[in-house]
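Chains as they are written, first to last, in numbering that gives the first Met the number 0: chain Y, 0 to 416; chain Z, 0 to 155.
Don't take each hint at face value.
Here are the simulated DMTMM-like cross-link-like pairs (lysine to aspartate or glutamate), alpha carbons at most 25 Å apart as the crow flies [unchecked claim]:
no. : chain 1 : residue 1 : chain 2 : residue 2
1   : Y       : Lys182    : Y       : Glu332
2   : Y       : Lys313    : Z       : Glu25
3   : Y       : Lys226    : Y       : Glu377
4   : Y       : Lys273    : Z       : Glu7
5   : Y       : Lys182    : Z       : Glu25
6   : Y       : Lys273    : Z       : Asp143
A few chain Z residues that face chain Y, going by a derived Cβ cut-off under 7 Å, partial list only [claimed, not checked]:
no. : residue
7   : Glu25
8   : Gly48
9   : Pro50
10  : Ala51
11  : Met54
12  : Met61
13  : Ile66
14  : Gln67
15  : Glu74
16  : Ile141
17  : Thr144
18  : Gly145
19  : Leu150
To list a few chain Y residues with every Cβ distance to chain Z over 12 Å, as calculated [as the list claims (entries may be wrong)]:
no. : residue
20  : Ser105
21  : Gly185
22  : Phe215
23  : Asn245
24  : Gln322
25  : Glu360
Hints were generated in silico from the structure; no laboratory data involved. Keep in mind it's a predicted model, so treat the numbers as computed, not measured. Glycine included, every Cβ here is placed at the ideal spot set by N, Cα and C.
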Amino acid sequence: MKIDWPRKDYSRIPFSVYHDPELYQREMEQVFRGKCWSYLAFEAEVPKPGDFRTTWVGDTPVVVSRDQDGQLHAFVNRCSHRGAQIVREVAGHCKTSHVCIYHRWSYSTQGKLEGVPFRRGLKGQGGMPADFDVQAHHPKALRLANYHGVLFGTFSDEAESIESYLGEFGTSMIKRFMHKPIKILGYTRQHIEGNWKLYAENLRDTYHASLLHEFFVTYGVDRATQKGGVRMDDRHRHNMNYAFSNSDTQSQATEAYAGIKGVELDRMRLSDLKILDYRPEFADGLNLATPTFFPNAIIIQINNSLSSRQIRPKGVDSHEIFQTLFGYEDDTEEMVRHRLISANLVGPAGLVSMEDGEAIEIVQKATRRETLDHSLVEMGGLGPLSDLEHRVTETPIRGFWSYWSELMGVEPEGGIR
Amino acid sequence: MNAQAMWEAMSFLSEYGLLLDQDKLEEWTLLFEPQAEYKVCSRENEEMGLPAALMWCDNRDMLSDRIQSYRNVNEHNFHWARHVIGLPQVLQDSAHQLHFQASYSLFQTNLEGMSRLFSVGRYDFVCSRTPAGLRLLQATVIADTGLVKTLLAAPI
């Protein structure tokens, strides 16, 4: 398989990458089952022995389970016998074992095959062959890493350690969010008719944030004139957009956005401003911090709303965004309420995030017949990639493609990253 | 079973749905008391006892802000909305308040005429009785459809 990259620095993305079904099959193997780590869930979602939650790695269904001794496991949610889903609930608690309903094969909370009904037959008749080895038929297990309460999984024996994979950048950001025990506040789900990589790109595109999401600009939650920037890890696979609110003035913003068609700073006036209240709670003073983790996740702070989002590919032309909202165990009731009011900004109905669903769908629609053409990713410059002290850039998108290409084995000769 | 209460609830639901479908969103907010709470949450969270919502306005000003943002600031998929609301069940009926629930389906039709089922769920409404008719004090929309297609911009 070969991709015809118009430039070697990933500043041109062929539209075929969003539509080619063969490419999709390959990335489910090479990316999601390749040597990278995928976000699975939070440890706080499976707090007690026997607790489980279903999740996805690419389009593979996976169970995250805490066994009776408190150890965490991740395994493919597929019965070793005929391939049925073992766990059918979204999440729950398992008292003894997970039982596939089809022929009642049972699995331990560690994800090991334990019981095969009528294995020895009845009255000497039927049953499995005498040499059938239960030990040889466990569901496929993932390596699981618990990094400060964030769970990652990989199918690869060759994947580097989680610390090395996340790098200084990723590990420090996770420690920032997970500095004390979290409390899950709920979930949202969004179905987007577009290739999953359009969402991965969207998360790395700081250029769009204050243009598409006009609410950001109007209320200074996030605008390009604020102090902020983009950071990437050494391999440019993970990235972060960050900003400090109140670091620009209304007149600087007015001047910067003057003349941009479609964006105005004064089109609305909120009558209840509490949706914008921000109570500083992190030592670094950021009100916006959005570290992404290749390939499938982001942890987002927008003011006091905190959440993770997981990309769940559902075929070449659609995906689900599964968002987990959280606060901290020691939040007061009033603080929980404040976080939930802040959460009006995020998710599928979020005042500064709903538009992403529409933007991705209109790209998917308009590029279907243009697979020989390509998009332009030049904002922020061409050539080698680097961190930036500003946010008028889409450079991290190029970082995503460089690592994706490496995993897929489709790098251009002499690729620049 | 009080036929009058049933009639009031049905009339109210019909007005509620048709105002939304006719894009009279500002008029729709007048069906709420100033201190009213409007919340859209998923049945998934509700059944797990988790408090997070898709939309949560704890007074009418906040709801008007949502509408203003929808009109002026947010981008969304162009569509017409169509609410199909089932018969209400009256849960509590007093001189001052009426509490009832009803099932709803919400369809979206794009500008090329293609319709899709967007959301199905249940309304749980507590209304005050006023001289002008019922006015919402607490409107909870519990969406069975937790998987939001594309995005949710206008209220349900």
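Verification of the hints:
1. Y/Lys182 x Y/Glu332: Holds: Y/Lys182 and Y/Glu332 sit about 12 Å apart, inside 25 Å.
2. Y/Lys313 x Z/Glu25: Not OK: Y/Lys313 and Z/Glu25 at ~38 Å, beyond 25 Å, violated.
3. Y/Lys226 x Y/Glu377: holds, 22 Å
4. Y/Lys273 x Z/Glu7: violated, 34 Å
5. Y/Lys182 x Z/Glu25: Violated, because 37 Å separates the two Cα atoms, which is more than 25 Å.
6. Y/Lys273 x Z/Asp143: Violated, at about 29 Å.
7. Glu25: violated, 13 Å
8. Gly48: It is violated, given that the least Cβ distance between Z/Gly48 and chain Y is near 9 Å, above 7 Å.
9. Pro50: holds, 6 Å
10. Ala51: holds, 3 Å
11. Met54: It holds, given that the least Cβ distance between Z/Met54 and chain Y is near 5 Å, below 7 Å.
12. Met61: Since chain Y brings a Cβ to about 4 Å from Z/Met61, closer than 7 Å, the hint holds.
13. Ile66: violated, 10 Å
14. Gln67: holds, 5 Å
15. Glu74: holds, 5 Å
16. Ile141: violated, 13 Å
17. Thr144: violated, 9 Å
18. Gly145: Constraint on Z/Gly145 satisfied, holds at 5 Å.
19. Leu150: holds, 4 Å
20. Ser105: holds, 26 Å
21. Gly185: Not fine: 3 Å to the nearest Cβ puts Y/Gly185 too close to chain Z.
22. Phe215: violated, 9 Å
23. Asn245: holds, 21 Å
24. Gln322: The claim breaks: Y/Gln322 does not keep its Cβ more than 12 Å from every Cβ of chain Z (closest is about 9 Å).
25. Glu360: violated, 6 Å
Going through the hint list in order, the structure does not satisfy hints 2, 4, 5, 6, 7, 8, 13, 16, 17, 21, 22, 24 and 25.
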